[in-house]
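Chains as they are written, first to last, in our numbering: chain L, 30 to 285; chain Y, 400 to 706.
Keep in mind the hints are simulated off the structure, nothing from the lab.
Don't take every hint at face value.
As the list claims (entries may be wrong) - Simulated crosslink set (DSSO-like; lysine-lysine; CA at most 30 Å straight-line):
| hint | chain 1 | residue 1 | chain 2 | residue 2 |
| --- | --- | --- | --- | --- |
| 1 | L | LYS124 | L | LYS100 |
| 2 | L | LYS261 | L | LYS172 |
| 3 | L | LYS251 | Y | LYS478 |
| 4 | Y | LYS557 | Y | LYS613 |
| 5 | Y | LYS470 | L | LYS251 |
| 6 | Y | LYS581 | Y | LYS520 |
| 7 | Y | LYS418 | Y | LYS613 |
| 8 | Y | LYS466 | Y | LYS581 |
| 9 | Y | LYS581 | Y | LYS643 |
| 10 | Y | LYS466 | L | LYS251 |
| 11 | Y | LYS466 | Y | LYS520 |
| 12 | Y | LYS632 | Y | LYS418 |
| 13 | L | LYS251 | Y | LYS520 |
| 14 | Y | LYS478 | Y | LYS543 |
| 15 | L | LYS251 | Y | LYS557 |
| 16 | Y | LYS472 | L | LYS251 |
| 17 | Y | LYS543 | L | LYS251 |
| 18 | Y | LYS696 | Y | LYS613 |
| 19 | Y | LYS520 | Y | LYS543 |
| 20 | Y | LYS478 | Y | LYS557 |
| 21 | Y | LYS472 | Y | LYS557 |
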Amino acid sequence: MIEYPEIDRYASLDSPMHRFDPRAKIIAFIFLIFSVVLIPDLKIAFIGLFFAIFLLILSRIPIFFVLSYMKWVAMFVLSFFIILAFTFPGEELAKFYFLSVTAEGLYTGSLITIRAFSAIILIFPMIGTMRFDTTIKALDRLKVPNSLVQILMFTYRYIFVFVDEFQRIWTAMESRGFKLRTTLYALRTIGNAMGMLFVRSYERAERVYQAMRSRGYTGNPKTLVEFEIRMKDYLLAVSIIGFAISLHVVSFVGVV
Amino acid sequence: MRDAITVRNLSYTYPDGTKALEEISLEVHEGERVAIIGPNGAGKTTFLLHLNGILHGTDGQVEVFGKSADKEKREDIIKDVGIVFQDPDDQLFMPTIFDDLAFGPINLGLPEEEVRERVEKALLTLGLSDYENRCPHHLSYGEKKKAALAAVMSMEPKILVLDEPTANLDPRSRAELIEIIKGLNEREGITIVTATHDVNAVPELADRVYVLNKRITAEGTAQKIFSDVELLKETDLEVPEVFKLFEVLQCFGYNCEELPLSIDDAIEHLTRTVENEGGHIHLHIHKHTHDEVKKLKSKYEHHKTNK
Chain L
30 MIEYPEIDRY
40 ASLDSPMHRF
50 DPRAKIIAFI
60 FLIFSVVLIP
70 DLKIAFIGLF
80 FAIFLLILSR
90 IPIFFVLSYM
100 KWVAMFVLSF
110 FIILAFTFPG
120 EELAKFYFLS
130 VTAEGLYTGS
140 LITIRAFSAI
150 ILIFPMIGTM
160 RFDTTIKALD
170 RLKVPNSLVQ
180 ILMFTYRYIF
190 VFVDEFQRIW
200 TAMESRGFKL
210 RTTLYALRTI
220 GNAMGMLFVR
230 SYERAERVYQ
240 AMRSRGYTGN
250 PKTLVEFEIR
260 MKDYLLAVSI
270 IGFAISLHVV
280 SFVGVV
Chain Y
400 MRDAITVRNL
410 SYTYPDGTKA
420 LEEISLEVHE
430 GERVAIIGPN
440 GAGKTTFLLH
450 LNGILHGTDG
460 QVEVFGKSAD
470 KEKREDIIKD
480 VGIVFQDPDD
490 QLFMPTIFDD
500 LAFGPINLGL
510 PEEEVRERVE
520 KALLTLGLSD
530 YENRCPHHLS
540 YGEKKKAALA
550 AVMSMEPKIL
560 VLDEPTANLD
570 PRSRAELIEI
580 IKGLNEREGI
590 TIVTATHDVN
600 AVPELADRVY
610 VLNKRITAEG
620 TAQKIFSDVE
630 LLKETDLEVP
640 EVFKLFEVLQ
650 CFGYNCEELP
660 LSIDDAIEHL
670 TRTVENEGGH
680 IHLHIHKHTH
690 DEVKKLKSKY
700 EHHKTNK
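The task is simple: from the sequences and hints, build the whole structure.
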């Protein structure tokens with residue numbers, strides 16, 4: 030079975046991150062994410078990583094859930110780490126045949142890895158602590174361009190329909206004896222199945238658009254939502270942003 | 400009674416040149432329930448999309464309460480005509496049920512207060528009161544189908560157009576949906592236009608039937624349409640099971656002129672017959688019975704022999 034991409038599976042828990050006003054949360058976390066990916070110093074990057082983990086624990090989202098997403102990121106980031114370690118010019122630490130590991134390479138590789146992990150971990154307390162439709166509405170209230178909001182909104186709605194649709198195509202293929210192999214035949218069959226999915230999606234898009242027009246769609250759908258921002262939301266947002274700034278102040282001054 | 404929908408000589412040709420509808424003329428009176436039946440690919444859905452100005456005929460006119468569906472602004476037509484599409488996944492395109500039900504009323508430019516009231520009311524009518532914050536992908540097919548109807552009801556249309564409302568539903572959801580649609584017509588006087596090939600639902604959902612097969616091939620009461628064997632053969636249509644059963648009973652000597660179409664009709668019919676015939680019903684087998692039953696069966700086998 031293909032799993033649904035449910036980033037908001039734990040949105041119904043209760044934690045300080047869950048109670049954080051969606052708009053304030055998005056702004057504060059985006060600030061923090063930009064801050065951690067721009068840290069120039071490895072030690073401070075570690076402080077950023079610990080803070081990210083701290084916020085994750087505070088959000089009470091199960092670690093295994095985060096790790097299940099992290100593994101894909103890890104595969105991607107670790108390949109960068111290896112490439113950088115072997116190719117960055119600098120002081121040679123060890124040599125394997127013609128490849129050599131440099132200290133500068135290890136340093137830069139680690140820095141990039143830690144920054145990436147911190148950023149990905151921060152995504153979870155940010156959008157994993159509210160339902161995705163709330164995220165979309167918060168973005169809309171934050172004056173994110175309406176067409177972007179609509180793209181997100183419809184993607185979120187129809188990704189589940191397409192997963193189901195592909196699942197049905199796949200089951201139909203398997204029940205007629207198809208096995209996934211790395212043969213040209215199997216690849217061609219998958220190509221056909223994907224093509225079928227595109228055709229069906231195109232036809233569905235046509236019907237959805239007719240349904241939208243039937244209910245008065247003119248290009249700027251609005252939603253009704255009540256957000257209430259309180260003093261504690263301001264405080265929390267200000268302290269997260271303050272932390273984000275101080276990471277850079279510290280590395281600039283060079284205290285650590 | 401004034402006309403809710405008037406269609407005159409409507410023709411529609413797909414951009415690729417295929418003729419979908421030819422010279423269609425029909426009218427639906429206010430408060431009436433009309434079914435449009437016809438085989439797959441007969442143009443039922445295409446026809447329905449003309450009723451609120453989503454598609455425009457290549458020829459002919461569609462009028463809704465005297466307003467031209469082609470010339471009026473679309474907002475003025477859609478607030479009177481609500482279309483419920485066959486696949487609820489096409490209809491429910493917003494992230495939550497609440498957003499979806501609010502979509503139409505917001506587009507009509509209603510104030511927030513009234514939007515919320517209408518959503519509340521539509522949810523109540525469809526028995527979906529706790530579903531506000533649910534996402535469509537967490538609902539069963541039957542629930543989605545009801546939500547799709549609710550999303551149109553929140554616009555409070557005077558005419559409700561339903562495309563295959565009973566398709567793919569389990570018996571319970573099917574019965575519930577039929578009851579809801581009947582109720583909307585009886586209690587709120589909403590005009591109902593249903594496109595379907597579920598002939599067993601026709602007697603419950605319609606007072607009058609149009610047979611559509613690119614053109615209108617017949618019009619009349621369900622009774623009249625289902626009695627026309629030639630017509631049914633031509634358009635590959637079925638008749639309700641109850642109707643067939645009473646035809647069989649006729650072969651066994653049951654005396655009736657107008658065959659019942661639904662269970663309710665049948666109960667009424669049987670009661671009347673029993674009362675008239677002094678407390679019982681008389682059935683018998685005589686020498687023609689078997690021949691008549693055979694003839695009757697072959698009459699409904701045209702689906703097999705044609706293909």
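**Item:** Ascending list of hint numbers which this structure does not respect
**Value:** none
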